[in-house]
Amino acid sequence: MSYQGLASLFPKKEISGFVILAVLLILVLPLTLDIFRLNLIGKYLTYAFVAIGLVLCWGYGGILSLGQGVFFGLGGYLMAMFLKLEASDPITTKIQSTPGIPDFMDWNQITALPFFWKPFYSLPFTIIAIIIIPSIIAYIVGAAMFKRRVGGVYFAIITQAIAAILTILIIGQQGYTGGVNGMTDLRTLHGWDIRTDNAKYILYYFCVFMLFMCLAVAQFVRKSKFGRLLVAMRDKEDRVRFSGYDVSNFKIFVFCLGAVFAAIGGALFTLQVGFMSPTLVGIVPSIEMVIFCAVGGRMSIIGAVYGAVLVNWAKSSLSESFPELWLFALGGLFIGVVMAFPNGLAGLYNTYAAPKIDQWIGNLKSPKKNLIEPKKAVEPEKPIVKPDTKAANKTETTTASIPSITQGVLHE
Amino acid sequence: MKTLFFSGAMSWGQGAKAKSLGCLFTMAAVFAFNFAQAAEVNTTGLAVTDKTVKVGILHSVTGTMAISETGSVQAEKLAIEQINAMGGVLGRKIEFIQEDGASDWPTFAEKSKKLLVNDKTAAVFGCWTSASRKAVLPIFEQYNGMLYYPTFYEGLEQSKNVIYTGQEATQQIIAGIDWVTKTKGAKSFYLLGSDYIWPRTSNKIARKHIEKLGLKVVGEEYYPLGHTQFNSVINKIKLTKPDVIYAIVVGGSNVAFYKQLKAAGIDMTKEKPLVLTISVTEDEVLGIGGENMQGAYASMKYFQSLTNDNNKKFVAAFKARWGKDVVIGDVTQAAYLGPWLWKAAVEKAGSFDIDKVREASPGIELTTAPEGYVKVHPNHHLWSKTRIGHARPDGQYDVVFETKELIEPDPFPKGYQ
Amino acid sequence: MFAEYSTSDLLSIFAMQGVAGLILFSVFVLMALGLAIIFGQMGVINMAHGEFMILGAYVTYLTSNVFSTYFPGLFSFYFILAMILAFIAAGALGALVEWGIIRHLYNRPLDTLLATWGLSLILQQTYRSVFGAREVGVTLPDWLMGSVHLTETIELPINGLFVMLLALGISTAVGILMYRSRWGIQVRAVVQNRPMAGAVGINTAKVDRITFALGCGIAGVAGSAFTMIGSTGPTSGQLYIVDTFLVVVFGGATSLLGTIASAFSISQAQSTMEFFMSGSMAKVLTLLFVVLILMLRPQGLFTLKVRR
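Chains as they are written, first to last, in my numbering: chain W, 133 to 544; chain C, 76 to 492; chain U, 105 to 412.
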């Protein structure tokens, strides 16, 4: 990509956010936290992948999916299948009645590796599957729904039902999936032990790297014509349709993109945590992932990362000392974020912190000018605020328009 | 003084780590630093001072499993308090750090790691579901911790880092089926369970044993966890007319199942069919309601109504500590054994070191156990008796049978896999 | 599949499964009616619906305790009073929630979903702190237990019968309220066109509050009735929420008749399949079948024909 391309992708006013996040994740946290805490941060960051996808789907596209856990889980399970096969070599599993297959299969009287497990001996196949399978499923669900102009609340509830189906299926088919226990005791990736502290560092940095790749893709989508169309669609779907665009294809695409992000997050979760379980697939985690996005700010991809990390951090530290208080706090957070600050942390930042920081930067740059004409000094930095405040105003109109979408469905 | 020094070492370690590049050697540094300071009862850097020793309690106090795990937490706290009142372990008072697993397996993994790596606990009492145990097991093995796991479970596992204070499946199942065939003349069985590993493995063992005895299994059925509508399976049971309904339903489903069974006209007191369960302890009866459970049989190692002196003392102490209305189920009692078994092992080893405690564990006897007498087997499970209880309307069980000998734990039973 | 059973056995299978299906149907109707009013008529997604049901169950538990301690003689009648109290308690909480949260979010339905989810977490933890983490056992009066013996193999559980009658009674009452009363006309007017309804002098805020409270109150009654067949614990409400939403959406949200029809088809499908395969698979297949039909016919079974 040319320099100009890059410059238009990351306008000067927005780049500071990315830089701060990068410094924080790459330098500050690893240097101040021990590996146990850092590994936790790595785990939280995997949820940030889902949250970024949700910003695009929900914040920009107006599609609220309550089934992102499905894709997160798929990514995680596909990765876990590969790792589990590697951990189940005939020597370590010689105590089983059929050595060489995963332990939970042996417990369920399965005597040979099922055919759909076999390709997962190959890492390249696994990686491709992590990208492809969630996209296919997202495509099928998306195509079925958006081509028929189902949106809003209906889409949310149907995706929720899909999350329920997948959870029951995984638990019910425990011979093939590990059931409620999930796939545990994952050890090595191509002979490389993923449980050592050293590996945890490498995996953390890999996770951060992938996160920035996803952020870049998301930023590209936001800045492209497509991103503007998404917002236009969200606010006045009919008008976009009448202008000759195929609205459903855009929605399907953004939903698939969100699914792929979630799947990558899931795969990285499995690598860092060392197991995968159905508790990450169901309805509860799916809704919690929406709250990460809402806390960070539904219009801000960087906010989503902070949202995911902060909510989980609070959960972890609050539940250590006051487990009972934690649920009250989380519940209050849900209500508060919706009622008091619908644009989340990013909104708060833009309303309160950003102008002051701008002023401060402006003062540093040209203290004299500022004294005479404060407004001009602020101006160069102002656009940071602009896209988001605009968005902030829009959420009201957006959400207000959703009932009309659903009614469109009802009254067809 | 020692505490101070120890925490000093910790923060020094962390500060140094912040400055160093790799952070990899910090743990080693902390260990080495402690090695010089620590008493000889603790050579591996556990959280032990001259006055205290830290242990962990890891159960769900929130989420769906809080229903079941509350009793275990209470029992473990009671045991720790009693041990402290007797002077502690090797002259050190036990301090516990309680963590909430929140009914979520990844959380269990995270918290267990915190207890082992950050808090350096000398032992952890906790976990309830198999899933949570499976989630923490690799962590206990990696960081060499010691877990005392209280629940009766499916077997097929034997870890050097876990002491299983509940029964494994064959201990619980075989004696029960033998009893029901011998004394009640049962010929046909209907196996029913919640859909996850423990009921499925247990039913597999039950089926093998039933078929070995030359009897018949007329149906086997599983429902998702949390299922609340059992009318269909009750109809199937009526149609196949088994002598015994062998039920391993867990959690909230239990309540729905027994209430609907009674409503459908299956009176368990008539014993036609007879209901035999391995999953309903006094704890669960509380939710089901004694009148809905009356007449059912349960096969497990402990009932609150046991009349031996140990148990009378235990029940009195438990009620004094947690209120007169609490009930004590099999798992609660098994959880109570955990701290005592650990204390005995530590005192036998003369050290808190995990490896020494592990070596000392097999052969540990507990003559004060509420269930009577237990002994740790080299495979880290307990020798224990199995008893059959007959449910009373007040939510308690009458013990109607008890195996003569202690049953040997056999987590990998030959011929039942 | 049928070879192993005799004809009379088969007949009784179908009769019994029919009864089981009818009970499930009534359970679904009771769960879904309150939600159908709130979601269908107001467009509000109340994720705390299950917790309102459990509130009803806890009220029943408390009432039974009070009666067994103070009026043991009247114990057999407590259940009726408990249901009325459950209705009042859940309805009052509903009105409070509407006033505190929901009314600020009428034009943001997806946000009501998040806010009510938060509410459900808070309610769960409140139940846990107040009543303890363990499930409570609700003692039922004797006349509600047992069954009516029809033939050798067919028996009608009395509590099942009770649930059926209750479902019938409540749906009739709601039907009359919605379609034959002045209040019903106002509700439907507000649903169809809020500004216009306001313009002709309907107090839309009041209508909203009463509608929401009524929906929650019905949830409370349902929860009270479910103490007969299910468990009462802090998290029991979560067991119902997915099924409930699917029933309402499948029925076409705005139509009460649709909700009843969808409850009927889902319950019959599930109870029939449960007989021929494992419970887990039956559940998965039912959900899949509902989702697939919704993909083909997103407006649900019945829709309100409105000209825009």
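Just so you know, the hints here were simulated from the structure itself, not pulled from any lab data.
Don't take each hint at face value.
Calculated pairs, SDA-like style, for lysine to any residue (alpha carbon to alpha carbon, straight line, at most 25 Å) [claimed, not checked]:
hint, chain 1, residue 1, chain 2, residue 2
1, C, Lys-345, U, Gly-250
2, C, Lys-347, C, Val-474
3, C, Lys-188, W, Trp-445
4, C, Lys-479, C, Trp-458
5, C, Lys-313, U, Met-282
6, C, Lys-291, C, Gly-490
7, C, Lys-313, U, Ile-258
8, W, Lys-226, C, Tyr-491
9, W, Lys-447, C, Lys-347
10, C, Lys-460, C, Val-390
11, C, Lys-235, W, Val-416
12, W, Lys-226, W, Lys-355
13, W, Lys-355, W, Ala-139
14, C, Lys-188, W, Val-416
15, C, Lys-313, U, Phe-380
16, C, Lys-235, W, Asp-325
17, C, Lys-188, W, Gln-305
In silico contact screen, one side only, chain W against chain C (beta carbon under 10 Å); selected entries [claimed, not checked]:
hint, residue
18, Asp-317
19, Leu-318
20, Phe-338
21, Met-408
22, Leu-459
For each residue, glycine too, the CB sits at the ideal point set by N, CA and C.
Query raised in the report: Is the straight-line distance between the alpha-carbon of Lys-226(W) and that of Lys-355(W) 25 Å or less?
Result: violated, 55 Å
Requested in this report: Would you mind confirming whether the straight-line C-alpha gap from Lys-313(C) to Ile-258(U) stays at or under 25 Å?
Outcome: Distance ~9 Å between Lys-313(C) and Ile-258(U) Cα, so the pair holds.
Query raised in the report: Regarding the pair Lys-355(W) and Ala-139(W), is the alpha-carbon distance no greater than 25 Å?
Result: With Cα atoms ~11 Å apart, Lys-355(W) and Ala-139(W) stay inside 25 Å; holds.
Query raised in the report: Between Lys-188(C) and Trp-445(W), does the CA-CA distance stay at or below 25 Å?
Result: holds, 16 Å
Query raised in the report: Does the alpha-carbon distance linking Lys-188(C) and Val-416(W) stay inside the 25 Å limit?
Result: The given pair, whose Cα atoms are some 24 Å apart, holds under the 25 Å limit.
Query raised in the report: Going straight from one Cα to the other, do Lys-347(C) and Val-474(C) come out at no more than 25 Å?
Result: Judged against 25 Å, a Cα distance of about 20 Å means the pair holds.
Query raised in the report: Is the straight-line distance between the alpha-carbon of Lys-188(C) and that of Gln-305(W) 25 Å or less?
Result: Judged against 25 Å, a Cα distance of about 29 Å means the pair is violated.
Query - When the least beta-carbon distance from Leu-318(W) to chain C is tested against 10 Å, hint result - result: holds, 8 Å
Report task. Take the C-alpha atoms of Lys-235(C) and Val-416(W), compute the straight-line distance between them, and say whether it is at most 25 Å. Result -> This hinted pair is violated, its Cα atoms lying about 35 Å apart.
Query - Given hint Tyr-491(C) paired with Lys-226(W) - CA-CA distance at most 25 Å - result: Holds, because 17 Å separates the two Cα atoms, which is no more than 25 Å.
Requested in this report: Please work out if Lys-460(C) and Val-390(C) have their alpha carbons no farther apart than 25 Å.
Outcome: Distance of about 19 Å is within 25 Å: holds.
Query raised in the report: With 10 Å as the cut and Cβ atoms as the points, is Met-408(W) at the interface with chain C?
Result: Holds. Min distance 9 Å.
Consistency with the previously given hints fails for numbers 5, 9, 11, 12, 17, 20, ordered from lowest to highest.
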